[in-house]
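If you're matching them up, the sequences are chains P, A and X in order.
Note that our numbering has the first sequence beginning at 504, numbered continuously upward.
Note that our numbering has the second sequence beginning at 395, numbered continuously upward.
Note that our numbering has the third sequence beginning at 65, numbered continuously upward.
These aren't lab readings, by the way, just hints derived from the structure by calculation.
Ideal Cβ placement from N, Cα and C applies to all residues, glycine included.
Don't take each hint at face value.
[Said to hold, decoys possible] Some, not all, of what chain P presents toward chain A, calculated at C-beta under 10 Å:
(1) L550
(2) P597
(3) W601
(4) S614
(5) A622
(6) P719
(7) I741
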Amino acid sequence: MTEAASKTKKNAKTDSSGDDAGMDYLQSIPRRVVVVYIPLIAFLFILLFPFYFMGTVSLKSNEELHAYRGLEAFWIHDPTLEHIKHLLFETEYPRWLWNTMLVTVSSTFLSVFCAVCAAYAIERLRFKGSKYVGMSIFMAYLVPPSILFIPLAVMVFQLGVFDTYWALILTYPTILIPFCTWLLMGYFRSIPYELEECALVDGANRFQILTKIVLPLAVPGLISAGIFAFTLSWNEFIYALTFISSAENKTVPVAMITELITFDQYNWGGLMAGALIGSLPVAILYSFFVEHYVSSMTGAVKE
Amino acid sequence: MASNTHASGPKVGLMTRLMNNRNLMGLLFMIPAGSILLVFLTYPLGLGVWLGMTDAKVGRPGEFIGLENFVWLMDDSVFLLSVFNTFLYTVVASIIKFGLGLWLAIVLNNNIPFKAFIRAIVLLPFIVPTVLSALAFWWLYDSQDSVISWVLIEMGFIDETIDFLGDPNNARASVIAANIWRGIPFVAITLLAGLQTIPKSLYEAATIDGATEWQRFTKITLPLLTPIIAVVMTFSVLFTFTDFQLIWVMTRGGPINATHLMATLSYQRGIVGGSLGEGAAIAVAMVPFLLAAILFSYFGLQNRKWQRGGQDD
Amino acid sequence: MKKFTRRQTLKTFAGAAAAATVPPSLLSAAKSFAQDSPWKPESGASIRMLRWKRFVASEGDATQAMLDAFSEATGVPIRLDSEGFEDLRPKAAVAASIGSGPDIIWTIHADPHLYPDAMLDMTDVADYLGGKYGGWYPMAEFYSMRDGKWISLPYTFSGNFINYRVAACKEAGFDQFPDNTDDFLTLMQELKKAGNPGGFALGNASGDGNSWAHWVAWSHGGKMIDENDNLVLNSPETVAALEYVSKLGPTFAPGVASWLDGHNNKAFLQGSCSVTNNGISIYAAAQREGLDEVANDMDHAYWPIGPAGEPTELHVQFPMTVYNHTQYPNACKALLAWLMEAQQYNAFLEASVGYLSHPLKAYDDNPVWTEDPKRAVFKDTTLRTRPFSYSGSLGYAAASVFADFIVVNMVAEAALGAKTPEEAAADAHKRAERYYKI
């Protein structure tokens with residue numbers, strides 16, 4: 504490595520985020536604006552505009568919602584908190600949030616745990632037949648939930664877990680495990696095998712290798728897997744709709760649709776408020792993990 | 395035994411040997427995932443395939459009729475249209491999601507202020523429950539009072555409001571756009587994580603050797619990202635192909651079946667219409683395509699031995 | 065105004081119930097019913113009931129009050145759950161196929177005919193009620209009977225009629241809403257010219273789309289099946305109907321091809337649609353949300369009559385079904401009979417402010433139909449409706465064809481000009497053939 508390169512590498516290391524800040528000096532400011540900031544702003548606008556819109560709908564009174572024309576959609580003449588108040592105090596929305604959180608966190612932990620074990624087994628242990636087992640896990644996605652839910656309903660009922668959280672906690676992993684396994688296989692694969700060989704030589708058993716060496720290095724992978732498992736399960740609709748029937752056990756997506764829409768009348772303000780309230784806290788939570796992502800990167804990769 | 399450097403009493407030796415027996419450990423490690431998937435997936439999967447070969451109705455078990463459902467479906471114009479729609483939807487949406495997702499990942503990989511906050515916000519379209527964002531789009535796509543239409547009219551690009559969901563081609567474009575909007579964060583964040591694993595020193599070394607930005611991109615970034623790209627695009631394709639929520643809420647498959655995907659048609663026929671057997675058959679018909687997508691990317695993954703320095707066996 | 069007084073009474077009625085005290089009049093009625101009723105609830109009975117999410121809060125509250133009264137009088141606890149309109153039916157079907165679930169489901173359309181073996185025989189209750197209340201309307205019987213037995217109770221029907229803006233129609237030259245299809249076409253054309261178009265759902269709208277599409281096909285004599293369940297969709301009458309549709313289509317507001325059930329509500333309330341078909345929900349929403357301009361200027365009308373020469377309307381049934389798997393059949397029967405007795409059912413009708421209509425002729429006299437003249441047409445819902453399987457039998461084939469939107473798509477294709485009337489009829493016939501082979 505040349506001296507210049509090692510100096511920039513040192514700069515990169517001292518940078519708290521570990522990014523390629525070291526090479527930024529090579530980009531002129533106007534160039535940066537064009538290549539980075541303008542696309543960034545464009546993306547943010549497109550991705551976030553619907554949320555601004557949802558926000559305006561949730562703060563407008565029903566009269567205003569029906570009376571607007573054209574560009575008036577952007578502004579709120581008479582902001583009102585009635586939808587939010589109705590949602591939080593006159594419906595069981597807080598309970599639904601709790602239900603969703605409970606089910607999501609449980610099935611995420613369960614799925615990531617299973618996925619870690621399975622990915623390690625397939626990718627590292629290379630036991631007999633691991634390739635076929637690996638393939639068969641992917642096959643899980645060949646049957647979408649939209650047709651599995653009837654036979655699953657029968658099973659859920661026979662197991663006596665109908666209308667309980669367990670019905671979801673046990674069935675969501677079928678959607679989550681294959682993806683998490685696959686993701687973790689990719690991360691495990693990127694960890695140099697020599698590390699494990701050294702550990703084996705030093706007398707560690709497989710379990711210790713997994714927990715002390717591989718997992719710490721695969722933390723970004725675990726976080727990614729966790730994030731997506733969490734999101735998929737938070738978002739899930741059809742199983743929650745079928746397996747849960749009492750209003751107090753419902754998850755947020757199902758409850759919003761069944762409690763706030765009566766056939767052809769949509770409580771738009773409440774719906775949009777519920778959508779926002781149900782997403783922002785999760786996004787804020789994510790922002791902490793994204794931070795962790797980045798800071799754990801510096802130790803993760805060997806030269 | 396290769397690893398018995400501390401040979402204590404026979405009992406410990408056995409445990410250690412067991413713990414290091416690949417096959418046994420492999421089996422043990424597979425049990426959590428394996429049991430859940432076998433019980434809650436494989437059995438219902440078998441049941442689903444079986445249902446597709448019967449004329450089961452909701453509320454009445456059916457009789458075995460072999461491939462009759464499939465034979466008839468081949469002749470059904472609505473089914474064939476749904477196959478076409480599914481392909482169109484999946485291919486177009488996936489390509490654009492990949493392109494835009496990769497671009498966004500690269501942009502986010504830079505040193506920008508409020509990085510963590512921005513990276514989290516970008517996930518919002520993916521976090522908000524699909525049913526609800528679909529409803530928001532429904533309103534946004536209103537044929538007479540859409541904000542999008544009004545803005546374009548004010549800016550002078552068009553004269554009349556756009557019929558987003560009423561005209562078949564517009565409807566397809568609109569749902570594809572909504573799907574892309576929802577899917578970009580997924581692709582972007584996963585690729586971002588992948589980008590972060592690429593050692594910066596590689597870029598630095600290449601720059602010193604005189605590589606242009608484009609060359610750095612095509613010769614370093616893309617090849618090293620390929621395994622992650624394969625993973626994320628396969629999943630993206632799978633999820634898009636079997637998409638249900640977005641279409642169902644926005645158009646129910648209309649106008650005149652122009653946006654019906656195989657998943658929504660199977661639900662409409664199987665559950666709403668009560669023909670479970672036929673619904674199952676439509677769903678099963680998705681399997682060959684999904685299988686092809688999975689095999690393609692799995693073998694794509696397998697060929698990246700050189701990225702691990704030839705350690706694969 | 066009288067209607068406010070009644071509404072106030074109901075509010076206090078329901079409010080009192082909500083405060084966990086059942087109004088004495090209701091309670092004593094329940095008690096005497098429990099004593100006299102031929103169906104004595106089993107000891108230790110409890111009932112689980114599932115219903116579709118109520119359209120209007122006052123109806124939901126009134127029904128709950130009645131259930132509470134019954135519970136208190138008979139000691140049978142009742143648990144009521146609510147499910148979205150379009151998600152209830154799969155749940156009901158699953159309950160039928162797995163043989164367990166709620167005891168009573170207040171479901172939609174003619175679903176009991178899809179799983180008749182799972183349904184408890186309700187003939188005794190039906191005969192009792194019919195005898196006491198002037199007899200059932202023919203359609204109520206048709207929807208509920210199979211092989212000579214009653215498999216469900218036709219508890220209520222929901223009307224879907226023309227909603228129109230009075231001033232806009234007057235401007236277009238019609239002081240009264242047209243009562244025949246020719247004038248109707250003229251009206252729509254004039255409205256379009258004046259910039260106040262009407263609009264009818266052409267998307268897969270299970271309520272509004274089906275009602276309007278079947279009306280137009282039937283109005284010209286077209287139909288899916290005949291009395292012997294032979295498929296007769298592709299006929300000169302159907303083609304004539306579609307030709308009519310192809311002239312109507314261009315008069316619609318933009319975007320109707322994407323309209324599901326909620327779009328016409330939104331458009332009408334916003335003033336961008338002046339004629340459509342709907343239940344009473346638009347009017348009720350306008351009143352509730354203070355949209356006086358719309359509420360005062362709108363009215364309801366029967367569907368126009370076409371060459372068929374008689375009313376050809378399609379309204380929606382909401383039957384009460386008791387499942388065979390229930391452990392307390394007598395308790396369920398007692399409850400349903402109780403709900404349809406005069407004191408309760410009258411209160412139910414009034415609380416529904418016109419959304420829901422009655423299947424028993426005696427209830428024609430209920431004041432809900434006269435106190436607000438704009439509700440008048442809804443009184444005749446059960447009288448005027450045809451079954452969606454017209455003119456054949458209800459069953460899997462009819463239900464599947466209905467759920468697959470074959471008629472709706474056919475009408476949409478003709479309205480949008482995507483196919484010629486002949487092509488649309490022929491293609492729809494071919495699609496329906498699959499279902500009628502079985």
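So, going through the hints one by one against the coordinates:
Hint status for P/L550 relative to chain A: holds, with the closest Cβ pair at about 5 Å, below 10 Å. Given the 10 Å rule on beta carbons, the hint for P/P597 is violated: about 16 Å separates it from the nearest Cβ of chain A. Hint status for P/W601: violated, given a least beta-carbon distance of 16 Å to chain A, over 10 Å. At about 8 Å, the closest approach between the beta carbon of P/S614 and any beta carbon in chain A falls short of 10 Å, and the interface hint on this residue holds.
Satisfaction of the interface hint for P/A622 is found here, the shortest Cβ-Cβ separation to chain A being roughly 9 Å, below the 10 Å cut-off. The interface hint given for P/P719 is broken, as the beta carbon of that residue sits about 15 Å from the closest beta carbon of chain A, more than 10 Å. The criterion of a C-beta within 10 Å of any C-beta in chain A is met by P/I741, whose closest approach is roughly 7 Å, and the hint holds.
Checked against the numbered hints given earlier, the structure breaks hints 2, 3, 6 and satisfies all the rest.
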